[in-house]
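**Student:** Make the full structure from the sequences, and use the hints.
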Amino acid sequence: MNCAQFAERGAAPALLEDGTDRWLDYRGLTQAVGAAADRLGDRPLVFLFTGLTIAGCVAYLACLEAGAPTGLFGAGLPPGRADALIRLYRPHLVVGHAPEAGYAEVAGQAGWYRRLGDDAPVPHPDLALLLSTSGSTGSPKLVRLSRHAIDSNAAAIVRSLGIAPNQRSVLNLPFSYSYGLSVLNSHLAAGASVLLTREGLTGAGFWQRLAAHQVTSMPGVPMVYEMLRRLGFENLAPPSLVTLTQAGGKLAAPLIRHFSDIMTARGGRFFVMYGATEAAPRMAVLRAPEKLGAVGRAIPGGRFEIEDGEIIYHGPNVMLGYAESAQDLTLGDRLSGRLATGDLGHLDDDGVLWITGRAKRIAKVNGLRFNLDEVEALVTARFAPAAVIAADERLTLLIEADDRRSAEIRRDLATALALPPASVRIQCVARLPLSENGKIDRDAVGRLVA
Amino acid sequence: MAGVAELETCFVETFALEPGTDPRSLQFQGIPEWDSVGHMQLIAAIEMSFDVMLETQEVLDMSSFDKAVEILQRHGAGV
Numbered sequence: 017m018n019c020a021q022f023a024e025r026g027a028a029p030a031l032l033e034d035g036t037d038r039w040l041d042y043r044g045l046t047q048a049v050g051a052a053a054d055r056l057g058d059r060p061l062v063f064l065f066t067g068l069t070i071a072g073c074v075a076y077l078a079c080l081e082a083g084a085p086t087g088l089f090g091a092g093l094p095p096g097r098a099d100a101l102i103r104l105y106r107p108h109l110v111v112g113h114a115p116e117a118g119y120a121e122v123a124g125q126a127g128w129y130r131r132l133g134d135d136a137p138v139p140h141p142d143l144a145l146l147l148s149t150s151g152s153t154g155s156p157k158l159v160r161l162s163r164h165a166i167d168s169n170a171a172a173i174v175r176s177l178g179i180a181p182n183q184r185s186v187l188n189l190p191f192s193y194s195y196g197l198s199v200l201n202s203h204l205a206a207g208a209s210v211l212l213t214r215e216g217l218t219g220a221g222f223w224q225r226l227a228a229h230q231v232t233s234m235p236g237v238p239m240v241y242e243m244l245r246r247l248g249f250e251n252l253a254p255p256s257l258v259t260l261t262q263a264g265g266k267l268a269a270p271l272i273r274h275f276s277d278i279m280t281a282r283g284g285r286f287f288v289m290y291g292a293t294e295a296a297p298r299m300a301v302l303r304a305p306e307k308l309g310a311v312g313r314a315i316p317g318g319r320f321e322i323e324d325g326e327i328i329y330h331g332p333n334v335m336l337g338y339a340e341s342a343q344d345l346t347l348g349d350r351l352s353g354r355l356a357t358g359d360l361g362h363l364d365d366d367g368v369l370w371i372t373g374r375a376k377r378i379a380k381v382n383g384l385r386f387n388l389d390e391v392e393a394l395v396t397a398r399f400a401p402a403a404v405i406a407a408d409e410r411l412t413l414l415i416e417a418d419d420r421r422s423a424e425i426r427r428d429l430a431t432a433l434a435l436p437p438a439s440v441r442i443q444c445v446a447r448l449p450l451s452e453n454g455k456i457d458r459d460a461v462g463r464l465v466a
Numbered sequence: 026m027a028g029v030a031e032l033e034t035c036f037v038e039t040f041a042l043e044p045g046t047d048p049r050s051l052q053f054q055g056i057p058e059w060d061s062v063g064h065m066q067l068i069a070a071i072e073m074s075f076d077v078m079l080e081t082q083e084v085l086d087m088s089s090f091d092k093a094v095e096i097l098q099r100h101g102a103g104v
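Protein chains in written order, with our numbering: chain P, 17 to 466; chain X, 26 to 104.
To be clear, the hints were calculated from the coordinates, so they are not data collected in a lab.
Please read these numbers as outputs of a predicted model, since none were measured by experiment.
We put the beta carbon where it would ideally sit given N, CA and C, even for glycine.
Take these hints with a grain of salt, some might be off.
With the Cβ distance kept under 7 Å, some of the chain X side facing chain P (calculated, not the full set) [claimed, not checked]: (1) T39; (2) F40; (3) A41; (4) Q54; (5) E58; (6) D60; (7) S61; (8) V62; (9) G63; (10) H64; (11) M65; (12) Q66; (13) T81; (14) V84; (15) L85.
**Tutor:** The following block contains the structure:
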């Protein structure tokens, strides 16, 4: 995925964004990316804050082209989060966010801010991309990815899904989110096209746009499939739409069956997938309804093994390691292609992976990953001691607070965690249940919020 | 018009509206809380409160408070 490849594709459509019906073709994309890459200079560390726009795609691709290590973040981060990241990692260049201090806007380059001091870290030569481990809790921990991890994963996805140049995906997931980014990367790698949109899929405009532009493929997290079933996907999808993919958490088997039946009847395909930001992100793909409820076979170039019940993935797409400080950006590869996923599972006789649970207290709500310990720490810091449980696409917080504050706490946390308020439930208690050793008694918490 | 007050409650609860925010002034995707996910949660709250099942097109059309009133009236709900 680079400018030389893009240039060969000439007038084939590449990207479309909201507010226009004119596709940017690969020739235009090559020129835009090349021009932006030329202005980046010598491998600066870039932090890019972007929504689903062509300008954001071009900036991201230009950084890759110029070999500039890039932290990729959503434009709509909770207040203060972007500046906290900038203070911690000290990037040379910030794009798409005006830092609170220590930066000056680059002349002739609106929205680009260059660091005034010369204390930016010098990243390791292999570092290409930094992604947040959690979309939302404000965790500053980043995943360090190499160019090879990104490219090899894009190529493996192209093969696993059979992405061809005549295919066209809608992208309504942020590309600061690894699943969204993988849709963009894999389609551009295949010479296919991507329609970026912020239209909600519960609005008529979204479906009209899919039909008007003959979209063939659509990604979705489990929450999206819950919504599509309720909406009646089969009444809305244009005939061109023949490929659905699902990632971002486990989809219930009845829903896999439901969409697999619909897609089979339409002559289409439904893929369930398994991944992690730490694997750039795809690890396994399965075409439903085969092995219903499993997560699939390792992508080309990857393999799974089980160690003491934990799923271990090996492949060229595994991250270099985490970063928690500017100093960590100077580190090279710490994992040698081996990722302990934190998921528990087993491989069946056909080499298909099944997941049975999680080793860590991690939950997915609304497609976003939450470390429940971090959520508890955040709530405790903002309000009062709390215990959190994730179930039914909601976070339920048991908190030591007066009932009268519950509406205010709910509003504040929904904003801080970037969740819809209805996905946050507050239950006030006088005292959290503690076990004998003074830790939160998880069983008792479970019974209280049941 | 007990039904209207109930509909207001659906909006206030789903989107955790600040006191003083008029649900009638809101539009789909006009506030961060009313995105697609929020929309489906609003639909679920309305369906439960008014004991109705909304069709695909009605779910897509319910893009404001007034539209919700109009659609619920078609279902014979007392709003």
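**Student:** Each hint: holds or not?
**Tutor:** Right, here's what the structure says about each hint:
With a cut of 7 Å, the hint placing X:T39 at the interface with chain P holds, because the nearest CB-to-CB distance is about 5 Å. A distance limit of 7 Å between C-beta atoms decides the matter here; for X:F40 the minimum to chain P is near 6 Å, and the interface restraint holds. A least Cβ separation of about 3 Å between X:A41 and chain P falls short of the 7 Å threshold, and the interface hint therefore holds. A cut of 7 Å between beta carbons decides the hint on X:Q54: the least distance to chain P is about 6 Å, and the hint holds.
Checking X:E58 against chain P: minimum C-beta separation of about 6 Å stays under 7 Å; hint holds. At a threshold of 7 Å, the smallest CB-CB gap from X:D60 to chain P is about 6 Å, leaving the interface hint in force. With 7 Å as the threshold, the beta carbon of X:S61 comes within range of chain P, its nearest partner Cβ sitting at about 4 Å, so the hint holds. Taking 7 Å as the C-beta cut-off, the interface hint given for X:V62 holds, the closest approach to chain P being about 5 Å.
Taken as an interface hint, X:G63 checks out: its beta carbon lies about 4 Å from the nearest beta carbon of chain P, inside 7 Å. A hinted interface residue such as X:H64 counts as satisfied when its beta carbon comes closer than 7 Å to some beta carbon of chain P; here the least separation is about 4 Å, so the hint holds. The interface hint given for X:M65 is met, as the beta carbon of that residue sits about 5 Å from the closest beta carbon of chain P, less than 7 Å. Checking X:Q66 against chain P by beta carbon gives a least distance of about 4 Å; that is within 7 Å, so the hint holds.
Taken as an interface hint, X:T81 checks out: its beta carbon lies about 4 Å from the nearest beta carbon of chain P, inside 7 Å. About 6 Å separates the beta-carbon of X:V84 from the nearest beta-carbon of chain P, less than 7 Å, and the hint is met. Given hint, X:L85 at the interface with chain P, holds; its Cβ is 5 Å from that chain's nearest Cβ, closer than 7 Å.
Figure legend: structure checked against the earlier numbered hints; every hint is met.
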